[in-house]
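Visitor: So the sequence lines, in the order shown, correspond to chains A and G.
Everything in the first sequence is counted per numbering that gives the first Met the number 0, starting at 0 for the first residue and increasing by one.
Everything in the second sequence is counted per numbering that gives the first Met the number 0, starting at 0 for the first residue and increasing by one.
Among the hints, a few may not be true.
What the hints assert, rightly or not - A partial selection of chain G residues facing chain A, derived with a Cβ cut-off under 10 angstroms: (1) Asn115; (2) Thr258; (3) Ile401; (4) Arg402; (5) Asn422; (6) Asn489; (7) Ser556.
Just so you know, the hints here were simulated from the structure itself, not pulled from any lab data.
Note that beta-carbon positions come from the ideal geometry of N, C-alpha and C, so glycine has one too.
The residues making up each chain are set out below.
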Amino acid sequence: MKKHVIVIGGGPAGMEAAGQLIKNGYDVSLFEKDKTTGGHLNEWFKLFPDRRAGSEVLDYYKNLISGKDLKIINSTVVEKVGQSGGSLTVSTKEGIEHTADAVVIATGFDLFKSTRKEEYGYEIYDNVISSADLEAMFRKGAVITSEGKTPKNVGFVHCVGSRDEKVGNLYCSKLCCITAVKQAIEIKEHVPGTKVYCFYMDMRMGGAYYEELYREAQEEWGVNFIRGKVSEVSESINNRLIVKVEDTLAGRPLKMELDMLVLMAGMEMSEAGKKLASLTGLKTGDNRFFSPADHHYGSNRSNISGIFYAGACTMPMNITETISHARAAVADVIDYLKDSKR
Amino acid sequence: MQFDPFIIPFNIGLYFILIYAVVRSVMWFRDLSKQDKLRLQRGFFGRSFGQSLKEIFMESLLHRKIFKTNFRLGYMHMSLAFGWFLLILFGTLEADIFGSSHLNAPYKAIFFKYFNPDHGRAGFEAVWSFVMDFLLAVILSGLIIAIIKRLYSRIVGMKKTTKLRPLDKVALTSLWMIFPSRLIAESFTSGAYGTGSFLTGSLGSWLASFLPAHEMAYPFWWLYSLSLGTFFVLLPLTRYMHIPTELFLIFARNSGITTGDKAGAFTDIQTYSCSSCGICIDACQLNFSTGITNIQSAYLLKGIRNNENVKDIAFNCLMCGRCDQKCPVGIELTPIRMLRRRAGETEHVEKSILKRYFPDKPSFNPVKVSEKPSFDFLPSSRPVKADVVYFAGCMTHLTPSIRNSMIKILDASGVKYKFIDENGGVCCGRPLMLAGQDKEARELINFNSKLILKSGAQTLVTSCPICYKVFRESYYLDIEVLHHTQFIKNLIDEGSLKLNFMRKKVVYHTPCDLGRGSGVYDEPRDVLRYVSRLQKTDFDNENSLCCGGSLGNMKISYKQKQIIAADAAARLTKDNPEILATSCPLCKKTLAAATETKVADIAEIVAEAIMLPNLMKEKSNPMLIVKEPVTI
């Protein structure tokens, strides 16, 4: 009889793991909390660093899964994985139990809720938006202010909810810098002549072709990068945003009027993942993400045998890293099921 | 003449402590400022004298305030203090009535049984003996609790008890020995003579049944005298100094003397009045939320008394003032800590015994100030004219929904106002003060004072309790200073602000600097009651918690602050209110990050409740074309 593997989460990590497990001849069920699979990838119009369409990667997943015997259970939240005898029991929110020989957790991340940084005025001033909101504007093909006008001055605030002790997130979310560079260029593409300012602490361009894109943004598109943190945002008489920031390279405080401010929200452990961790007894780290058995050679294994991790539920990851991590999880699952005597 | 060599240790101890108390009191009086000397003289011969006597009876003997906090602890303190007092009183009367002469030396009363072993056989004498035995039994019951408390503090309902120094231990042991040795000495004597009441009599006849009672009694009378003598001689070096000092403190305080912002004899008196009872440790959120148990006020005062470097203790405090409220002796703990912060680093010097009996005045040196003014980059102030000036404060600028709500309220009220730090202002100065940097703070105070005075306004409104406290206490403004909750209350009372009643279930968190810090408790509650269904919490008014965001603590980590915030928020939202209301931007920001419950400033709730016609009024300020604040 075929061994049964349950994958929790239908984003890139979950779909990748499910697709590869099917290829290897396992009976696989994929649980997704939303109506459709795809996760955050559905929200992203274009991907860094080459600005290919997010839909191309979604198409790859369609091919990976289509025609296969994968059971996708949508709109279902998994709350707990229990151990009974040699097998695992996956319980949904509705209380339905499914048995499995192995479980892959791919619950991913939640975007940092920018309302938690009230000083930036998210949901207080209409023209303060998040990076995800801007991506939605790109999808619609209209970058406009709340008054329906074309923005002439746009600011990007880096590290919103990342590297910020005050919100309890000491870690770097890794992707926001490059996302800001990508989005800054896209604004320039959409609305030629717009002035774009990025307020950053450090530019962390550690991926393939990131640094090149950063250079392109400055040389070809004239994006202004200002090293300093935004302290507060207010509104002027004519509804423009007044941003106070310190330019730490020039060593002086700045006050700027902007039409739109984009907050580069960081990545946090998902709420669904938090609940799953506490009910199942899975270890989480100080950063609240799932804590793998070993950071070097066991990044897919959990503290419970038979349960594995894939993707951004363990730390912030980009799509490339997520796919690699999910495939590595599959290798661990195969190894585990071969060894187990069941 | 009744005399025996064993009374010598007691006599030495007693006369030593009496002379010492007089000398020390004279030294304290000499060190008081001229005004405080006058105050004390007036207080001593004035009406507050009766007040002081009453307080001494209620607090130093009965320990009413400790009873209120913790019954078992109160009983312990009362049985020891009041019981001992009555034992001395009745003992003295006993010696006077039944002794060979009148107006006896104290030792005759203390060792009455030894010199009058036949006393107490029948009639009135027996009744008196019963009273004496009863008082001894009460003291011994308190002593048993004290010993249990020392060993297992939880049994008396205390989570923590204070740690002791070696000399404290010797003094404590001699204190603990006093009453058991009296019991055994009296019992042996009673046993030998067939006297004594229910306690000493019964114990005595039982002991005499198998021991040579007459011979055994004598060494225990020696032990009793030695315990008393040792305790009296060591008293000035230990925390038991609080017993005589508290009397002086009560007179000084009732005469109107306060800590103020300069150290002096009154600070010294308060420092020595602490009994290290440990109630401040239980009240402290650093203890019950984060498990930090070595920085509370009892330890600060002990460190100052022992001449230690207490800088780390002084700065590790939320400055919330919860312990000031709970201190049964009424010591002004937070102002003393503030003085210590200004003093900065102090050196620990091991003192000679003589120096420890007669310490120097506490060395709260003034801070060294830099020659150059440090805020010369401040912009020159541009004065504006208005009746009411609104100073939002830095923290309000970081919580734009509060600022927007205040603008909406000010506009709806029709008041002629000016928003003086609309485009960014200068800090009120309090964070620097809390860090002990008064000189720097004064520069900011001068800058803001000029701006406010030039506006010609009669009223200054601020949204931040931190600013409010410093405006009232450290600015010399001759105008009315209001927190926005008071201002809103006035607007409602005058009828300038028409509000809808919102059916929301609300609890209110009193900010430290507004409540305990400035005594504003009622207006915020009145406003909330006017617009919403205000519910009670276990932490209302004086008992309110610190939100954890305190600017006052420079030692703990953000993580620890977050733990305090989460703990405070959980306690406040125990009954699932719809809104956790507060009246401080810092509290709002801190609590909002720590709970799922909606957290809102009173200004936000009021702005939401404004009736529409109010908003149609003539608008005085272009700033008022603000969008709706966040919906609540």
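Visitor: Compare the structure with each hint and give your call.
Guide: Hints, verified against the model:
Hint on G:Asn115 is violated. Least Cβ distance to chain A is approximately 73 angstroms, over the 10 angstroms limit. Hint status for G:Thr258 relative to chain A: violated, with the closest Cβ pair at about 34 angstroms, above 10 angstroms. Because the smallest distance between the Cβ of G:Ile401 and any Cβ of chain A comes to about 9 angstroms, under 10 angstroms, the interface hint for this residue holds. Contact between G:Arg402 and chain A, as hinted, is supported at the beta carbon level, the nearest pair being about 8 angstroms apart and thus within 10 angstroms.
Annotation: interface hint on G:Asn422 holds; nearest CB of chain A at approximately 8 angstroms, less than 10 angstroms. Residue-level restraint check for G:Asn489 is violated (minimum Cβ-Cβ distance to chain A is 27 angstroms; threshold 10 angstroms). With a least beta-carbon distance of about 8 angstroms to chain A, the hint placing G:Ser556 at the interface is held under the 10 angstroms criterion.
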